[in-house]
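Protein chains in written order, with our numbering: chain A, 1 to 288; chain B, 1 to 356.
Derived from the structure by calculation, the hints contain no laboratory data.
Treat the hints with caution; some may be incorrect.
[Unchecked claim] Among the chain A residues that face chain B by a calculated CB cut under 8 Å, a handful are:
| hint | residue |
| --- | --- |
| 1 | 87 |
| 2 | 90 |
| 3 | 92 |
| 4 | 96 |
| 5 | 108 |
| 6 | 112 |
| 7 | 219 |
| 8 | 226 |
| 9 | 253 |
| 10 | 255 |
| 11 | 258 |
| 12 | 261 |
| 13 | 262 |
| 14 | 264 |
| 15 | 271 |
| 16 | 272 |
[Claimed, not checked] DEER-style ranges, computed between Cβ atoms:
| hint | chain 1 | residue 1 | chain 2 | residue 2 | range |
| --- | --- | --- | --- | --- | --- |
| 17 | A | 4 | B | 309 | 31 to 37 Å |
| 18 | A | 114 | B | 24 | 47 to 53 Å |
| 19 | B | 248 | A | 114 | 18 to 24 Å |
[Stated by the list, open to error] Take a look, some chain A residues computed to stay more than 12 Å from chain B by CB distance:
| hint | residue |
| --- | --- |
| 20 | 66 |
| 21 | 118 |
| 22 | 153 |
Note that beta-carbon positions come from the ideal geometry of N, C-alpha and C, so glycine has one too.
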Amino acid sequence: MAVFFQSLISGILIGGVYALIGIGLTIIFGVMRIINFAHGDLLMVGMYLTYFLFTLLHIDPFVSIIVTIPLMFLYGAFLQKFFINRVLDALPQNQILLTIGLGLVMSNTVMLAFTSDYRILTTTYSSSSFNVFGLSISTPLLISFAITIVITAILYWFLYRTDTGQAIRATAQDRGAAQLMGINVKRMSIIAFGLGASLAGTAGALIAPTYYIFPQVGSVFTLKAFVITVLGGMGSIVGATLGGVLIGIVESVGGVYIGSGWKDVIVFVVFLLVLLFKPSGLLGTSKD
Amino acid sequence: MRLFMHNMRGMSVFPVLLTVAAAAGLFLLPNFVESTYALHIMILIFISVIMGTGWNILGGYTGQYSVGHAAYFGIGAYTTLILMQYHHIAPWYGAWVGVVVAVAIALVVGSICFRLRGPYFTLASIAVAEIFRATALNLRLTNGAEGILITDIPPFKIGNTVITDFMSKVPFYYMGLVTLIIAIIVTRMVQNSKLGYYFQAIREDQDAAHSLGINPTAYKNAALAISVVFTSLAGSLYALYVGFIDPSTVLALDLSVHIVMICIIGGIGTIWGPAIGAVILVPFSEALRSNMIAQALIDSGLISENSRIGSFLKDQLSHAHVLIYGILLVIVILYMPDGILGFARKLLTKRRKETI
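The whole structure should be built from the sequences, with the hints applied where relevant.
See below:
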């Protein structure tokens with residue numbers, strides 16, 4: 001039983017980070033109806049940013065998100081304005097391929113610049129943990145989870161309480177109607193992609209102390225982001241939050257009981273089942 | 001010129017003659033070309049054309065953008081090699097078993113996934129391919145992450161005459177060429193048949209097609225089945241030719257993307273699109289990979305070998321082939337969304353209008 005609770009807790013802690021990845025993807029999909037295949041690569045860029053801020057400037061990874069968030073926002077806004085924006089009305093396969101192409105460019109530029117070596121970011125607390133009720137909790141995971149909660153809270157406040165946030169949600173609900181109501185849809189798209197990129201980058205920063213850092217790390221997370229968003233309902237922010245935590249738990253508990261090799265199979269089977277029986281996701285209400 | 005323009009519109013003799021001449025040229029090529037490297041590139045191009053042409057039936061003509069075709073490529077490759085290595089069944093039978101297995105699995109997958117549309121279908125196709133990749137990594141039958149290495153291919157005999165012993169690249173060349181020609185003929189037949197019109201009706205408007213009495217799921221499955229036959233054959237051919245397969249090469253997401261890219265770059269939903277895409281992409285990425293371009297730049301005297309740029313290019317350009325691949329993809333999507341064939345066609349019509 002202790003093993004079960006142990007894996008449950010690790011699952012929830014890592015699930016917080018997954019939620020950030022999922023929310024980013026779901027906002028982008030909601031506003032632009034584009035599936036961002038470069039999402040994991042944005043996360044990878046965030047990881048490298050954090051790594052170099054730490055090794056070169058000695059900024060703690062959890063502090064460095066103050067730098068990572070705005071930088072990644074600008075980067076995302078740039079990608080939207082100069083690339084994504086031009087295919088908004090294109091065929092869906094072209095949109096998908098454009099983001100795949102952007103992802104390839106990112107991961108291979110990083111590989112060219114910093115080689116494909118695995119890097120590890122070791123902080124003083126990287127492997128430290130403490131005990132609560134006989135369960136050991138990893139310190140970096142707990143800190144990153146706490147930060148995740150704060151960021152998610154701010155994000156919810158932004159999306160539900162501010163004018164810009166509501167405009168973004170309105171655009172996601174109905175692009176045409178939002179435009180008729182005088183919302184600057186183009187600007188909302190730029191902000192949405194910026195937000196998505198900064199959330200992915202932040203997630204990268206948060207897992208940097210506990211994960212291997214290498215140029216191809218993105219594809220794993222891109223696939224995970226798809227599973228999470230579909231699970232929660234494409235475009236649903238609450239859904240992505242829950243989906244992230246759920247996938248964290250399934251992976252962690254599944255890894256313990258079924259073996260780490262098969263846990264990916266389970267995750268994707270669950271993904272397919274959700275796609276088939278509730279394509280709008282567990283919480284989604286979207287029309288398509 | 002006028003005659004040519006006229007013929008472009010309907011069924012005509014000229015393009016057919018040209019195609020036959022090109023095919024004949026390709027058949028005779030190994031007699032003149034000694035270089036094994038040239039044959040190697042040709043075989044890689046053939047494999048890419050076969051899988052691209054296969055995907056094109058489903059993605060191009062029927063409008064179902066599968067980004068999971070590596071699954072069927074992998075099934076073909078694995079079935080052929082497992083039967084050959086562990087059960088001593090000759091690959092020219094094994095490849096057909098592979099086709100049967102791949103089509104059977106595709107029909108199960110299709111009848112489930114074709115209920116989904118647009119991006120949801122794309123995501124489901126990725127999930128299916130990932131399930132196969134993760135399964136192949138964990139099964140003993142597929143030898144997990146180690147993959148399968150061919151020890152030797154039995155000679156191909158008819159009666160007692162040995163046709164080939166697979167010692168050179170030439171038999172692979174002809175296997176690829178014949179499969180490729182069949183794939184292109186099938187595409188042409190599909191395009192001009194009732195079946196093909198049903199496919200295109202589904203692509204243009206599924207609901208309208210449905211209301212006219214076309215069963216979308218049934219015809220999508222038909223398109224998938226045809227598509228998978230060639231994807232699986234390409235997989236078998238690849239496995240035999242390269243002699244080694246593992247989940248991260250024949251079942252990877254990268255491969256699925258590569259298949260789609262061949263079609264997009266050439267021109268989706270056209271007979272020759274995949275061929276043009278492969279002819280451009282494969283040699284280009286091989287040239288980058290083998291450092292030919294860096295060497296050529298140095299040899300041409302544009303960049304000195306000892307300069308910083310020269311040594312950087314020499315060390316790094318071969319690693320950068322995927323980067324350039326990515327840049328190419330972005331450029332094509334932004335500036336030639338209908339592929340090179342569509343772009344050329346647009347230029348042609350523009351010029352024609354200007355001359356009139």
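Results of checking the hints against the structure:
A hinted interface residue such as residue 87 (chain A) counts as satisfied when its beta carbon comes closer than 8 Å to some beta carbon of chain B; here the least separation is about 7 Å, so the hint holds. Hint on residue 90 (chain A) holds. Least Cβ distance to chain B is approximately 6 Å, under the 8 Å limit. With a cut of 8 Å, the hint placing residue 92 (chain A) at the interface with chain B holds, because the nearest CB-to-CB distance is about 6 Å. With a least beta-carbon distance of about 6 Å to chain B, the hint placing residue 96 (chain A) at the interface is held under the 8 Å criterion.
The beta carbon of residue 108 (chain A) comes within 4 Å of a beta carbon in chain B, closer than 8 Å, and the hint placing it at the interface holds. For residue 112 (chain A), the suggested interface contact is upheld, since its CB lies about 5 Å from the closest CB of chain B, less than 8 Å. Below 8 Å, beta-carbon pairs count as interface contacts, and residue 219 (chain A) has one with chain B at about 6 Å; its hint therefore holds. Taken as an interface hint, residue 226 (chain A) checks out: its beta carbon lies about 6 Å from the nearest beta carbon of chain B, inside 8 Å.
About 17 Å separates the beta-carbon of residue 253 (chain A) from the nearest beta-carbon of chain B, more than 8 Å, and the hint is not met. For residue 255 (chain A), the suggested interface contact is broken, since its CB lies about 13 Å from the closest CB of chain B, more than 8 Å. Checking residue 258 (chain A) against chain B by beta carbon gives a least distance of about 10 Å; that is not within 8 Å, so the hint is violated. At its closest, the beta carbon of residue 261 (chain A) sits 4 Å from a beta carbon of chain B; the interface hint therefore holds under the 8 Å criterion.
Residue-level restraint check for residue 262 (chain A) holds (minimum Cβ-Cβ distance to chain B is 6 Å; threshold 8 Å). Given hint, residue 264 (chain A) at the interface with chain B, holds; its Cβ is 4 Å from that chain's nearest Cβ, closer than 8 Å. At about 5 Å, the closest approach between the beta carbon of residue 271 (chain A) and any beta carbon in chain B falls short of 8 Å, and the interface hint on this residue holds. The interface hint given for residue 272 (chain A) is met, as the beta carbon of that residue sits about 5 Å from the closest beta carbon of chain B, less than 8 Å.
For the pair residue 4 (chain A) and residue 309 (chain B), the supplied restraint of 31 to 37 Å is violated, since their beta-carbon distance comes to about 58 Å. Between residue 114 (chain A) and residue 24 (chain B), the C-beta spacing of about 50 Å keeps the proposed range 47 to 53 Å intact. Evaluation of the 18 to 24 Å hint for residue 248 (chain B) and residue 114 (chain A) yields a pass: the beta carbon distance comes to about 22 Å. Residue-level check passed: residue 66 (chain A) sits 31 Å from the nearest beta carbon of chain B, beyond 12 Å.
Every beta carbon of chain B lies more than 12 Å from that of residue 118 (chain A), the smallest distance being close to 16 Å; the non-interface claim holds. Here residue 153 (chain A) stays apart from chain B, with its beta-carbon at least about 29 Å from theirs, past the 12 Å limit.
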